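**Q** Sequence:
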Amino acid sequence: MTTLREIARAAGVSVSTVSRVVNGYEHVSDEVRLRVERAIRELNYQPNQLARALVSGKNTRQIGLLVYDVANPYFAEIATAVENVAYQNGYSVILCNSSEGRNTAVYLQTLIRHQVDGVAITSGEMDPEGVECLERLLQRDIPVVISRERYWASNAAMDHLNGSIGVMELDYYTGSKIATEYLVSLGHERIAYLYSLSGSNFEIDPRVLGFKEVLAKNGLQFSEDLVVCNLGFHQSSGARGMLELLSRTQDFTAVIAYNDLLAISALAVLREEGIQVPEQVSVMGFDNIAASQYTYPPLTTVHVPKSEQGEFMARYLISQIKERQPSVQRRLPAELVVRQSTAVRKA
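Per the numbering used here, residue 1 is the first one in the sequence shown, and the count goes up by one each step.
Calculated directly from the structure, the hints in this document are not laboratory data. All values derive from a computational prediction rather than experimental measurement. Hints may contain errors.
[Claimed, not checked] Per label pair, the in silico range of CB-to-CB distance: (1) GLU308 - THR3: 40 to 50 Å; (2) GLU335 - ARG136: 33 to 43 Å; (3) GLN329 - ARG33: 47 to 57 Å; (4) ILE112 - VAL344: 46 to 56 Å; (5) LEU220 - SER92: 49 to 59 Å; (6) THR2 - ARG136: 35 to 45 Å.
Think of the CB as a built atom: it goes at the ideal place given N, C-alpha and C, for glycine as much as any other residue.
Make the full structure from the sequences, and use the hints.
**A** Structure, rendered in structure tokens:
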């Protein structure tokens, strides 16, 4: 790596003169500046922007992005959108992957040490230690934006920050109601659920509350034997959940999966077991990842805006970095995408 001393030697000037040129200070003659700039080009010198920012107190032009699982296409699409907007505005992104039990607070502390200019978070719930780190970021005047599900009871832990952080709310509650209403309209009464989180979360999850509300409104009974919990978020989880469900009962005509990844592998299990989709069982996903349109049959799902999430969060942070404005709260709707994995229940 080329050093300032090597540039100074090549240009025939002092190290302090090279430093003044690199950092854009005045009081350097045009002739000397040209010699230094020529040496910089010839030696391919790349200044350490982070180190310069730390010394000068200027922005590092770095944004921290915390996602739950970058291998999940849902989060990958969000991360891509954040990175695209950041790149267009001269910022780089430090990506933190908080899956597999990694501590959110540890990542936030790392971002604080790196003196990022802003932080975007899409990783769901925030424990007390994580909330404390958010408070530290705000105390340092570092803007924060969070993407979260609407109506989660755990959001209350961050209520005191609502006026200080940007919030992107995702209405999974309404999205779940739309999905369930559609299945009910097709005549389905015994609707199973493949659920990623624990059973205790199942009781308070907004999307489950929407599911139960539609069942009750239509006089349909909620059956615990049709729910498989603790599946996780990976594609193989849906296969495991479907096999467990089939081992309990085959008295259902529709299945809602927590996300598209679970739905895709559930489709594969049904096909292997000789159960026709949608003739015998309808399958509903959630998220509308790109792969959902290429399954067999193509997956009916609920579209959750992903690129829009990432673009909003990146633009919000960059605007706040340039000039502090009142925090913004925005809500993105969920929409039903009907494909060929659902059909009218046969009598």
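**Q** Of all the hints numbered above, which does this structure not satisfy? Sort the numbers upward.
**A** Hint check: nothing fails, all pass.
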